[in-house]
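If you read the sequences in order, they're chains A and B.
For the record, in the first sequence the residue sitting at position 72 is 72 according to my numbering, with numbers rising by one throughout.
For the record, in the second sequence the residue sitting at position 50 is 50 according to my numbering, with numbers rising by one throughout.
No lab work stands behind these hints: they were computed from the structure.
Do not rely on the hints blindly, as some may be mistaken.
Identical copies go unnamed one by one, so any copy, or any two together, can satisfy a pair.
[Said to hold, decoys possible] Heads up, simulated EDC-like pairs for lysine to aspartate or glutamate below, C-alpha to C-alpha not over 20 Å straight-line:
| # | residue 1 | residue 2 |
| --- | --- | --- |
| 1 | 50 | 178 |
| 2 | 166 | 113 |
| 3 | 50 | 204 |
| 4 | 50 | 63 |
| 5 | 166 | 121 |
| 6 | 50 | 74 |
| 7 | 50 | 123 |
None of these values were measured; they are calculated from a predicted model.
One-letter residues, chain by chain:
Number of protein chains: 2
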Amino acid sequence: MPETMTTSTYAVLALLDLQPWSAYDLTQQAQRSLRYAWPRSERLLYSEPKKLVRLGYAATYTDTSSRRSRNVYEITEAGRDALRDWGDARTQAPQIEIEALLRLLFADHGSLEDVQRALDELEADIGEHHQAIVELMGSYLDGGHPFPQRTHLSVLFATFQIELFKAIEGWIDFARAEIDQWPTTEDLGMTERTEALTRLLAHDESAVDERRPASPQQPRPGSV
Amino acid sequence: MPETMTTSTYAVLALLDLQPWSAYDLTQQAQRSLRYAWPRSERLLYSEPKKLVRLGYAATYTDTSSRRSRNVYEITEAGRDALRDWGDARTQAPQIEIEALLRLLFADHGSLEDVQRALDELEADIGEHHQAIVELMGSYLDGGHPFPQRTHLSVLFATFQIELFKAIEGWIDFARAEIDQWPTTEDLGMTERTEALTRLLAHDESAVDERRPASPQQPRPGSV
DNA sequence: ATAGAGTACTGCAACTTGCAGTAAGCAGGT
DNA sequence: ACCTGCTTACTGCAAGTTGCAGTACTCTAT
Chain A
1 MPETMTTSTY AVLALLDLQP WSAYDLTQQA QRSLRYAWPR SERLLYSEPK KLVRLGYAAT
61 YTDTSSRRSR NVYEITEAGR DALRDWGDAR TQAPQIEIEA LLRLLFADHG SLEDVQRALD
121 ELEADIGEHH QAIVELMGSY LDGGHPFPQR THLSVLFATF QIELFKAIEG WIDFARAEID
181 QWPTTEDLGM TERTEALTRL LAHDESAVDE RRPASPQQPR PGSV
Chain B
1 MPETMTTSTY AVLALLDLQP WSAYDLTQQA QRSLRYAWPR SERLLYSEPK KLVRLGYAAT
61 YTDTSSRRSR NVYEITEAGR DALRDWGDAR TQAPQIEIEA LLRLLFADHG SLEDVQRALD
121 ELEADIGEHH QAIVELMGSY LDGGHPFPQR THLSVLFATF QIELFKAIEG WIDFARAEID
181 QWPTTEDLGM TERTEALTRL LAHDESAVDE RRPASPQQPR PGSV
């Protein structure tokens, strides 16, 4: 087995470069920071440091200072060297997976309530993350950052999340208002409203910023 | 092997509900629509319809009408029934993976150029998708939609992409301007500017909309 | 005539996830 | 003293998913 350095492996190595952690610590830390740019399972966070040890990029020892023993991982010199190579590779293209949008795209298989529920669920999921980031920023003002010299990075990173979440939440409101004008999910086709939106998008203009019309939409004759 | 219906399986089933497709057709179609909400590999798109056949949700026949033979998949009645169940399940939480942001979060391992390059790459990747969507909208105005009665869904879906891409591109400009004020990637910590940003974020306000100061930033004494 | 691009797939190793399972420490109540 | 439930601290395994190499046929341009 070749044991390649994946982005996840580099991410864990970068965390180990800050301080030694146990695998359990890594799962907790990943929840608070990595999750927003590189969500990975708890399971993987237990496996990656072991791989780093096999590659010689980390060393492990058993910490018995507390009641319960745990394996602590520490970066090695070779690990620090390897970390320097990370910057050389092209970053992977962003991957965005939103099942609620997929449901919207195929909304004509179900009822209006089904789409609305999908939007509610998306709002709830985004809202949770949104709130967590705002609280995290509050904690930076209060108790400070766990690695104070890195605050500038965490905060610039957080500005991204807030922009993203606000954009998504703004769109959800917009989409709800649009769907409220639909008599059904099916066969509306190129209504006047949809044509207006298409025109905006084809000129790369925001549709959300535009005011929407008050009148409910009906399928045009012959649009089916 | 239990053969579960994953979201990807439902997505392919939903496509088959529109019309019969060959696996190759599905890979092409997925590039144009699914990609933006549910990016999946070509490889999987060849496997999923086979699974649907094993489950009895699709039937397959060999099309020999053109020179080259190909396997075409068609949804069955059982498949249409199964598709109705999709709406019952809670949508999965959105997953957003952006390696460029991970590089930003660990920017202190490298040079200012490294972060800037990561942002350039992010901009290029987003720009590609952004342009593709705008062109797609143009084609809806020109030639029309391949499934005209579904235009309202595709277009509302596209409004999401445009909002998202605009938000990300706006943030990239903001982040570049911030980083231009940094003398180095490391050890800036809680500068005045970072504190101002943190305050904004802790009150859930957009940082991108705020004007930035003209003066370059320096680490505060004792911030390391 | 042949090179190259597009069409139409399959096999396989490796990456990743979710879940079940194991087990110890710790706080609170009875 | 005992039990319950929560947190800490992991491992094994089946199944989902990807990337890549490989196969092979068709069509177009030179």
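Numbers of unmet hints, in rising order:
1, 2, 3, 7
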